[in-house]
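Q: Fit chain B to the given chain R structure using the hints.
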Amino acid sequence: MAKEQQIDITTTAEALAKEFKEHSVAEFFKKNRQMLGLYGKIRSLTTIIHEYVTNSLDACEEANILPEIEIKIDELGPEYYEVTVKDNGPGLTKEVVGKAFGQLLAGTKFHRLMQMRGQQGIGAAGCTMFSQMTTGKPVKVISGTGNGKCFAVEISIDAKTNQPKLSNYKEFKRNFRGVAVRAKFKEVLYKESEQSPLEYIRRTAIANPHVTIKFTDPSGKKHIFKRTSNKIPKKPKAVKPHPKGVTVDDVLSYARSTKAQKVISFLKNDFDRMGAKALEEISKKVNFDLNKDPRSLTWEEAEQIVKAFRETDFLAPSTDTLSPIGEEQIKKSFQTIVKPEFLSVVSRKPKVYAGGFAFQVEVGIGVGGEAGRTLANGEKKAEIMRFANKVPLLFDAGSCAITKAVQSVDWKRYGLKDFENSPVTVFVSLVSVYVPYTGAGKQAVADIDEIVEEIKLALMDSGRRTSRYLAALRKEREKQMRREAFMKYIPEVSSALAKITKVKEDKLKKKLEKLVLDKLKLEELEEKIEKARAEARGKEVKSNAKESN
Amino acid sequence: MPKKATKPKRRLREKRTKGPKEIAKAIEEIAKKIVREINSSKDPIFVTKTRGRSNVSFDEKTGLIKLGKKTTARNFLNIGHARKFMQTMLVMAKTHEYLKENKTAAIREIYYELKHTLGESKENTFEDQSESDACIVDVEHAVDTIRERLNLHANPKGSLYGDITLRDRMHNNDTFNCLKLGRGGWSIMSRMEPEEIEIRKVNAKFVLVIETSAMYERLVEEGFAKKHKAILIGTGGQAARGTRRLIHRLRYEKKLPVIVFTDGDPYGWYIYSVIKQGSMALAAHSEYLACPDAKYIGMTLDDVERYNLENVTEKMKEGDIKRAKEMLDYAWFKTKEWQRQLKMAISKKIRIEQQALANKSLSFVADTYLPEKIKNKEFLD
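Note that the protein sequences, when read in sequence, are chains R and B. All letters in the first sequence, in the order written, are residues -4 to 544 by my numbering. All letters in the second sequence, in the order written, are residues 147 to 527 by my numbering.
Hints may be right or wrong, so weigh each one.
What the hints assert, rightly or not - Within a straight-line C-alpha distance of at most 20 angstroms, the following computed EDC-like cross-link-like pairs (lysine to aspartate or glutamate) qualify:
| no. | chain 1 | residue 1 | chain 2 | residue 2 |
| --- | --- | --- | --- | --- |
| 1 | B | K326 | B | E344 |
| 2 | B | K178 | R | E508 |
| 3 | B | K216 | B | E368 |
| 4 | R | K494 | B | E174 |
| 5 | R | K497 | B | E344 |
| 6 | R | K483 | B | E259 |
| 7 | R | K209 | R | D53 |
| 8 | R | K497 | B | E175 |
| 9 | B | K188 | R | E518 |
| 10 | R | K494 | B | D513 |
| 11 | R | K505 | B | E183 |
| 12 | R | K505 | B | D189 |
Read the hints as simulated data drawn from the structure, not as lab findings.
Next up, chain R with everything else stripped away, as it sits in the complex (with noise of 0.2 angstroms):
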């Protein structure tokens, strides 16, 4: 009896739980749908497109390869689509090709404290997931190694068991190097707007000037952005927590899964920049033995270590734990791109936030020319480009600590009067080992006070060159507006005293016009004059200042 009700519960339990794992990949990917970005018609096709590339640069940078991505989105049909992306990559092996495309939540990126573009691992699966829902067909691979030998297959998911299904296995003979990707969508929608997937395109090629991708719209309109730099960034590498700003909870947590039998090797292993000369200060800071257990730290002991922390000096985060987009590579790919008139750009010491994470921050002012966004009816608006780890972020600008910090700034003092109406674009670029995102939708940077600091100081100090230049611009458009004025008026005046006179009115008005531009020229040259001149006095002044010394 009792063996049997045993039997009976250890049945009950397998079949809740078998119940509950059938149900488990499809409820997650519907509960989830809106976390991962994968709901509003447009946002979807976006994100789609954002999964397919990220793969892309992500594995062509591990295998240190110039990544090139071809992009094609065919409309099959009202709000049905065909999304196509091929890449040059090491490409995928079969044994693996199943699982990047066919098990939501393999990847190996959740939970390593390391600058990835992708924290979740949920990308490709996810939208042969989507497609899968919305039109019941799976996706088609297709992976080369280089070596000539390719295969094609087709893969969709099995709901109940979270396992990729393969199906038409083909091999065949091909040179070709990189995975190619093709699925069909429904409830998904191209729009050219500020979130289509080619602005999301256009600013990924911004934030990663070595990558080319050619991009084929459904109207068939081919956009190409050409790699502006032949570097590929250095790999970013996994990192330990920096001692300064970690909190009670978080050392508790570490501490619970370090491998180290004292306090003392938990905090020297398992921290970044813990010199001998800083552990024994700490170890002075503390009324505990450190060469207890980790486990049984209590709280209040892991309250002396951080305020310890807190006292003792460390070096900053290693840098190399970051790879920046860097200042000349940002000024290059923003020139070719957003062709502004004016630009600066501003690349930041990396820092720390709360958790001990190194974040470093980068921006772009680009004022003029082809800046700014442009209205249908002509009129310009300021742009704000957002990056988290080279990811252009296109959606919930409102709830982002970037458009915070960029918001903040007094545009005003930097020569920008009306800011939301200018001919501008910024350009901000947050790389950290973890980006603290508001939601799993990975949209928006969380308001940290020292990320939002770093961003403004940034945008400040980018702000302040910008303002020169506007300052000289300003001066030029000045001049250009009186010489306009001038001409605007020489031909009413030339008219009414020829009227007057009988004198010819063309000799008249071609007259005034010389005396008006020798005027101007005259202008000029006292300014570059008394220019020369102001110059010639601020040297005077530090070279008396040099003998004074």
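A: Frame of chain R; chain B shown alone:
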């Protein structure tokens, strides 16, 4: 009553005004000078007289407010002047055309005639009438004439009643007597130049200028004009240019003495002073518009006691008191009597309206007040 032949102490010949040809010529001279400057690569400059208090003074000798000698130069090559320079040239050319073609226009008409967009821009030659009005004043002063002589005119205001025969030379030579136009009399035009309105015959001994229309109507109704051989002119507040020009002409062409009758308050007294000495705004034209020997009959604050009008005085407002204080300092109010009058107003803080005389009776003003004062030559000077 003053005799018709009263000889004004001061020069009584009207300043000779320039004819249309002369004025056209003056405009041509200014334009030629600017063209010469352009041709010799010099800055094109338009010169006019400076207006405003800094360039206005009271000439004791003539009894007129006069404009000083300060001039203002407008340089086309100065971006701050360029637009106004352009506008001035347009006004000059247009008035030159009016003079040549013997046309006249209202200042609002010349504004509309000259208003257009500049080339491809969004800018207009004139954005509103105040801009063209300012240029007209500039041209008047540069050419040393009045706008009426530029064949321009503003809105007319003022009425004329009495045994006076006029001829409108611009309108079929219509000839009419202003005693026979009904109670309203004749509407004084903005342009009252002899070339247009000719004063043919006057059968009167003096001109009575009246501030309020109501009092003007009262005197018409009471038959004051016929009975006392008076020309009645109602200004309806501050006298318009045409009205001032007409008063001036009656004084100088027809040698009629001018008597002014206003409310007893700073505003009314200032109306009198404008008719007598001219105004600051048109200081340059005082010689065409003012009558330095005009006489002030009332109301005065002394009338209050004399005619027992204590019950019908009004309180002066803050603005009136301030105005009175300012007027204390005006050179042309520096006479003993006027200083006393103004000080009385400031200390008593009361004013008395013309119509307060109706407190006695409707006909009191026509039967008693005015005839008595005129007979006894009780004028404030």
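Q: Taking the hints in turn, state whether each one holds.
A: Hint check:
no.: 1; hint: B:K326 <-> B:E344; verdict: holds (17 angstroms)
no.: 2; hint: B:K178 <-> R:E508; verdict: holds (18 angstroms)
no.: 3; hint: B:K216 <-> B:E368; verdict: violated (49 angstroms)
no.: 4; hint: R:K494 <-> B:E174; verdict: holds (10 angstroms)
no.: 5; hint: R:K497 <-> B:E344; verdict: violated (35 angstroms)
no.: 6; hint: R:K483 <-> B:E259; verdict: holds (19 angstroms)
no.: 7; hint: R:K209 <-> R:D53; verdict: holds (18 angstroms)
no.: 8; hint: R:K497 <-> B:E175; verdict: holds (12 angstroms)
no.: 9; hint: B:K188 <-> R:E518; verdict: holds (15 angstroms)
no.: 10; hint: R:K494 <-> B:D513; verdict: violated (60 angstroms)
no.: 11; hint: R:K505 <-> B:E183; verdict: holds (14 angstroms)
no.: 12; hint: R:K505 <-> B:D189; verdict: holds (15 angstroms)
In the structure shown, a violation is registered for the earlier hints numbered 3, 5, 10, in ascending order.
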